[in-house]
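Engineer: In terms of my numbering, the sequence shown opens at residue 1 and continues consecutively.
Accuracy of the hints is not assured; some may be wrong.
Claimed, not checked - What follows is a list of derived Cβ distance ranges for each label pair:
1. E108 x P3: 41 to 49 Å
2. Q111 x I64: 42 to 50 Å
3. W119 x L53: 18 to 26 Å
4. V73 x T8: 17 to 25 Å
Rather than coming from a laboratory, the hints here were simulated on the basis of the structure. Using N, Cα and C, we set each Cβ at its ideal position, and we do this for glycine too.
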Amino acid sequence: MEPEVIGTALARTNAALNISSAILLTSGWAFIRRGQITRHRASMLGAVATSALFLIFYITRFAITGTHSFAGVGAAKVIYLGILFSHMTLAVLIIPGVLRLLYLVHSERLQDHRRLARWVHPAWLYVSVTGFVVYVLLYHVYGWV
1 MEPEVIGTAL ARTNAALNIS SAILLTSGWA FIRRGQITRH RASMLGAVAT SALFLIFYIT
61 RFAITGTHSF AGVGAAKVIY LGILFSHMTL AVLIIPGVLR LLYLVHSERL QDHRRLARWV
121 HPAWLYVSVT GFVVYVLLYH VYGWV
């Protein structure tokens with residue numbers, strides 16, 4: 001199978017994982033707001049799992065196909081690069097936050113968990129949604145070269 005075919009399939013899979021993570025993050029937030037701790041835990045662990053799978057598949061896709069240059073020009077390219085830069089920066093920054101949240105809840109330090117989650121959750125949700133947006137712009141709207 002051609003590397004680009006594999007790369008495109010992995011990119012599509014990653015887009016689905018990003019959307020799944022966003023849905024799980026949103027439902028996890030809704031569950032905890034209603035006091036449904038068991039459902040919150042399941043949703044958030046699902047978000048961790050889908051994000052971890054995303055990272056594995058992203059690294060695999062990158063190893064197979066390398067980088068892609070956005071084909072859009074002008075304002076479209078500026079907007080795309082702005083979204084991509086903010087997405088990549090927050091993606092790197094949330095990893096220690098997510099790991100810390102897991103540690104805090106495992107240690108039953110729920111106040112600290114809640115306090116940190118107020119910052120990590122919206123950043124993680126932003127990363128999941130913008131990951132999908134980057135995929136759509138790169139693979140379906142403007143393309144890459």
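Engineer: List in ascending order the numbers of the hints, as given earlier, that are violated by the structure.
Structural biologist: Checked against the structure, no hint fails, so every one of them is satisfied.
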